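Q: Protein chains in written order, with our numbering: chain Z, 24 to 338; chain L, 24 to 338.
Keep in mind that a hint or two might mislead.
Copies of the same chain look alike in the list, so a pair counts if it works inside one copy or between any two.
As the list claims (entries may be wrong) - As a list, the in silico EDC-like pairs of lysine to aspartate or glutamate whose alpha-carbon atoms are at most 16 Å apart:
id, residue 1, residue 2
1, 306, 193
2, 315, 261
3, 221, 79
4, 262, 193
5, 235, 43
6, 293, 60
7, 315, 77
8, 153, 261
9, 153, 100
10, 66, 258
11, 239, 43
12, 153, 232
No lab work stands behind these hints: they were computed from the structure. Note that the coordinates shown come from a computational prediction; the quantities given were computed from them, not determined experimentally.
There are 2 protein chains.
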Amino acid sequence: MYYIGIDLGGTNIAAGIVDEEGKLVRKGSVPTRAEREADEVIKDMASLCRNLLDEEGLTLSDVAYAGIATPGIADHDTGVVVYANNLRFSNYPLAAKLKEFLGIEKVYIENDANAAAKGEAACGAAKGYKNSVMITLGTGLGGGIIINGEVYSGFNYAGAELGHVVIEVDGLQCTCGRRGCWEAYSSATGLINMTKAKLGETNDTIMHDMVKADGKVSGRTAFDAMRKGDKAGQEVVDKYIYYLAMGIVNMINIFQPEVFVIGGGICNEKNYLTDPLMKIIDKEQYSRDSSKRTQIRIAELGNDAGIIGAAMLGK
Amino acid sequence: MYYIGIDLGGTNIAAGIVDEEGKLVRKGSVPTRAEREADEVIKDMASLCRNLLDEEGLTLSDVAYAGIATPGIADHDTGVVVYANNLRFSNYPLAAKLKEFLGIEKVYIENDANAAAKGEAACGAAKGYKNSVMITLGTGLGGGIIINGEVYSGFNYAGAELGHVVIEVDGLQCTCGRRGCWEAYSSATGLINMTKAKLGETNDTIMHDMVKADGKVSGRTAFDAMRKGDKAGQEVVDKYIYYLAMGIVNMINIFQPEVFVIGGGICNEKNYLTDPLMKIIDKEQYSRDSSKRTQIRIAELGNDAGIIGAAMLGK
């Protein structure tokens, strides 16, 4: 038996066919063109699924169900997207629409960050563990909570907004309206802003030349400069990792999950990120003297976490 | 059928007999004398339970089980207290010991803050709801998380340390070793410290005279001064409530529970606490535009929350 997983993004609809072991056997994508009527988007989603099945030599009878990872607040009990800003979804019956347009009997939906956490829990870095928490460090800081193998998102499906936990009262302005949210410091955007601030403070850094060559400040600028022995780059990285650690320890003290998973492009820094991070976490966490401590792991599924997580929603 | 609930504190062992409806029909207490061998403490606990049953005209055959709320890390699966600083418990088989000394077949154990949350969820402010979060504002800031009606405390039973979530990076020193923990601002101790800081800043406040009359700064000093029109008292209360709200909104953004319960002596301030608190929470929370928002409620069980929660652990 196979499962269809769909990751509905603001730019692209990505979909894949996943086997019993959670392996992605085929995937593809089409542009979302999010400005359209929602029904038109979902009709393209259904076509994409049909094409993938054809290419793999499968039919709907080989598929147990489809799962959709969607932005916004997804009521996984009714299959209705309560609200998604980018996609003109407002109380939109997403599951029912895909059932209709694809002709499939069972469709599950979940918020995209939650689905990624489910993917890592079912087939990735947190495989085999009952409780895990995942963050994705991208433009924002997305969060997902898995308790007893299932996504936890609160009674209104709007929970797990781990990026919108204030770690510095009256701190940096966040897009959510609050000040001092973890996201404002520890997202890739937060790192870029820290790098820009340092560039404004000092001329004594090779980062100015790097930015000229690259044409922009990126999440890699400070890490690359640090590796070349640049003091200012090191200071940016140290500060970034310190704030990231503060937020992760917060989550450990709350959840004490078996595994805490970190995803997003910054994970490509590997040990340059995780070694100093672990030093702070080991020192700060409430249960630092316990023999049972949360494992910190880098996400394993990369950009496929949403597809695979969606495909695992019914398992 | 009846249930025995026991709240094991550093100073007293309080116990009660609770009926099917969660009503406390009889309670009593004896000194803990925590410096003794753990077995001696539990023998006294068993005697207390026997006496309560006698006084109520009941025998052990009328009792389904006993539950114990204990300080420290309580492994509710094995009945072993992994660690409790005050009570000389280190991998102490608490449930097994009470079974032996009382001659009862079933004993459940749980951390005391978690048990209080269970009590409020089963019989108090969060009754009838699947998911709730409780904080108790006392010397520290205790937390308890109820998910699907059950205590959630992570894979090592050490979670729900909501007081040890940093809300101000590099902020006030906390007893846990971190800086800027929510507990350092929002516990009763935090309020007293804020009041003392204000007294050090200004002579233009009636709080100096109040403290002279009372002999000490208490959690009521600033609230009482505020009600008498004192500007410095108002400033302390405003600041205290602001930090408290920041932490509560953090928890709402993470958990989106049906109910968030606030316990502890500061709740006696009633609307002077909750009205300004709600204004900030309504403005700050991520789901402020949603029709489904977390209800903020004052705890209903007072000091009996631990006993009643312990008595409900098996239900």
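Q: Taking the hints in turn, state whether each one holds.
A: Hint by hint, here is what the structure shows:
Proximity of residue 306 to residue 193 under the C-alpha cut-off of 16 Å is restricted to the inter-copy arrangement: shortest distance 14 Å between copies versus 26 Å within a copy. Taking the shortest Cα distances, residue 315 and residue 261 never come within 16 Å of each other, neither inside one copy (27 Å) nor across copies (40 Å). With identical chains, the CA atoms of residue 221 and residue 79 are never at most 16 Å apart, being 51 Å at best within one copy and 71 Å at best between copies. In this assembly of identical chains, residue 262 and residue 193 lie within 16 Å of each other by CA distance solely across copies; the values are 12 Å between and 18 Å within a copy.
Taking identical chains as interchangeable, the C-alpha atoms of residue 235 and residue 43 are never at most 16 Å apart, the minima being 49 Å within one chain and 73 Å between chains. In this assembly of identical chains, the alpha carbons of residue 293 and residue 60 never lie at most 16 Å apart, being 41 Å within a copy and 49 Å across copies at closest. In the homo-oligomer, the alpha carbons of residue 315 and residue 77 never lie at most 16 Å apart, since the shortest distance is 48 Å inside one protomer and 42 Å across protomers. Taking CA atoms no more than 16 Å apart as the test, residue 153 paired with residue 261 passes in neither setting, with 32 Å inside one copy and 41 Å between copies.
Only between protomers do residue 153 and residue 100 lie at most 16 Å apart by alpha-carbon distance; the minimum there is 15 Å, versus 21 Å within a single protomer. Taking CA atoms no more than 16 Å apart as the test, residue 66 paired with residue 258 passes in neither setting, with 49 Å inside one copy and 58 Å between copies. Proximity of residue 239 to residue 43 under the C-alpha cut-off of 16 Å is found in neither arrangement, the shortest distances being 43 Å within a copy and 67 Å between copies. Taking identical chains as interchangeable, the C-alpha atoms of residue 153 and residue 232 are never at most 16 Å apart, the minima being 47 Å within one chain and 56 Å between chains.
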